[in-house]
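K.L.:
Could you build all of it, start to finish, from the sequences and the hints given here?
Chains B and E, in that order, give the protein sequences.
Quick note on numbering: the first sequence equals residues 1 to 163 in my numbering.
Quick note on numbering: the second sequence equals residues 1001 to 1406 in my numbering.
No lab work stands behind these hints, which were simulated from the structure alone.
Just so you know, not all the hints are guaranteed correct.
Computed beta-carbon distance windows for the label pairs [claimed, not checked]: (1) B:31 <-> E:1271: 32 to 40 Å; (2) B:73 <-> E:1097: 52 to 60 Å; (3) B:94 <-> E:1322: 44 to 52 Å; (4) E:1031 <-> B:157: 22 to 30 Å; (5) E:1158 <-> B:59: 56 to 64 Å; (6) E:1097 <-> B:157: 47 to 55 Å; (7) B:148 <-> E:1209: 50 to 58 Å.
Listing some non-contacts, in silico: residues in chain E with all C-beta distances to chain B over 10 Å [what the hints assert, rightly or not]: (8) 1126; (9) 1131; (10) 1161; (11) 1230; (12) 1316.
Here the structure is a predicted model, which means the values were calculated and not measured.
Idealized CB from N, CA, C, for every residue including glycine.
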Amino acid sequence: MTELQLKVLELLKEDARRDAELIATMLAVPTEEVKQAIAALENDHIIVKYATVVNWSKIDDQKVTALIEVQITPERGRGFEGIAERIYLYPEVKSVYLMSGAYDLLVEVEGKNLKEVASFVSNKLSPIDAVLSTKTFFILKKYKQDGIIFEEHEGDHRLMVSP
Amino acid sequence: MIKDEEKQPSTPVQRQSMADYLSPLVRGIKPSGIRRFFDLVSTRKDVITLGVGEPDFVTPWHVREAAVYALETGKTQYTSNAGMPELRGAIGQYLNDQFAVEYNPADEILVTVGGSEAIDLALRSFISPGDEILIPEPCYISYSPITALTGGVPVGIETFAKDEFKLKPESLQAVITPNSKVLILCYPSNPTGGTMTYEDWLPIAKIVEENDLIVISDEIYAELTYGSKHVSFAAMPGMKDRTILVSGFSKAFAMTGWRMGYACGHPELIAAMLKIHQYTVMCAPIMAQYAALEALQHGLEEKDRMVEAYNQRRRLVVKGFREIGLDCHEPQGAFYAFPSIVSTGLTSEQFAQRLLEEANVAAVPGDVFGLGGEGHLRCSYATSVTNLTEALDRIGGFVHRLKQQG
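P.N.:
Structure, rendered in structure tokens:
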């Protein structure tokens, strides 16, 4: 990872729509170098995807998200990898983290409604042999995700012109 | 019975209007040109403004939280006139670390209500009527009016875009008279973004010494430099004792509304300023002092991040103006670009007014900043990249239409 790549990443993290030319101007480097840096980052899957952060609660009140603490028995030779994969391949699973502490996997599941998530847990997640226990927590409201505040109250309160 | 007229030794002055009650010094001060422009901007909607002289960042949360905690724990009293000892200590440490200037927190540092108060205190402490106060221009708008209030005579020194608005020794030398007493410096400069290096300062320091001047160095933008690190005038050989270093938290730590500034200098000068300070404001607000302490103790990394963001926007804006066809020297400090609009054939004021009315972009006409400002536009890049890009688009379109109209 070069220093330039790191700076490019930081600027793209703030706004993925910034193009190479704008970034090049902001960093005072040739556009070509920024293009190469971005290409390398994409190639190495350091930049995984350019996705949009959506506040779904504004358009769909029914949609629910749950965080599920999952305890599992690791497999000989593969540890947690195989079970994690069996879980994250489900499209309704939005994220999976291996955790330290009292449980092993933290699974974020999204469903059209409460019933759908409950059914996922009882019909798909719990029946997996290696899964020992699950604890499901429904998310009531998202305030901030990936450093982005959903309902920003700190607007620009400055005077339009000041000395 | 004695008649009224007989009691009065002389006829009282007949005052025709309330204005007659005002001191001639105050009456003589012209309202700020920025104020007039502000009123104009306020009447409009959907304006993108490059006219703001303060950071677009909100004060970092940990600093705000420190002030909240100060309130919760009942920190609501006066502090020592000069400011809390631990804050003065932190300021001394910080100035030493960042700019290699050494001040004794006990009697060489005074915490003020913004850098503005420090400038006022210094000018009032030093000026006798008739003293000439030398002010490189274009510059921040308050120096001349405050000088005039003290009975001093402001003497502008023009600086030029071709010199990147640096103060040239020959220009300074040219205005020196036997009445010259104070030199006010503001580098990095509001509004030009100009800075001074060690080599730039050397001949200036020589003239200051030869003519026995005292210097008020307003270094409020010291943290915001993009080429080489800021060189404090007080750090120049022999200059510490004849310099009052003025700075504050507003620009570096995004704390404009807290009104936290400070002045540093020779104990006798600081003692004089402290005398005025204790009779006028007593002390800076205590909760703001706690916030400032937090900023110095834990806010330096956040400050660096903000400086880096300004630098990125600075490059964007300078390139943008040049592509539009407006000459723009590369500002090395503060958060202002100061492009020339001479090629459009308009005056600064005409340009700014039409830019606002025809393209909905606000920027401050350069002439309000004194000599050398005419023909320029002060554009603050303390705003989001999205806003800057849109503003540059609008300015580009506006200049293009001007040129087509011939």
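K.L.:
Now, for every hint given, state plainly whether the structure supports it.
P.N.:
Hints versus structure:
no. : hint                         : in the structure
1   : B:31 <-> E:1271: 32 to 40 Å  : 57 Å, violated
2   : B:73 <-> E:1097: 52 to 60 Å  : 55 Å, holds
3   : B:94 <-> E:1322: 44 to 52 Å  : 46 Å, holds
4   : E:1031 <-> B:157: 22 to 30 Å : 24 Å, holds
5   : E:1158 <-> B:59: 56 to 64 Å  : 59 Å, holds
6   : E:1097 <-> B:157: 47 to 55 Å : 32 Å, violated
7   : B:148 <-> E:1209: 50 to 58 Å : 55 Å, holds
8   : 1126                         : 23 Å, holds
9   : 1131                         : 25 Å, holds
10  : 1161                         : 21 Å, holds
11  : 1230                         : 20 Å, holds
12  : 1316                         : 5 Å, violated
The earlier numbered hints that this structure contradicts are 1, 6 and 12.
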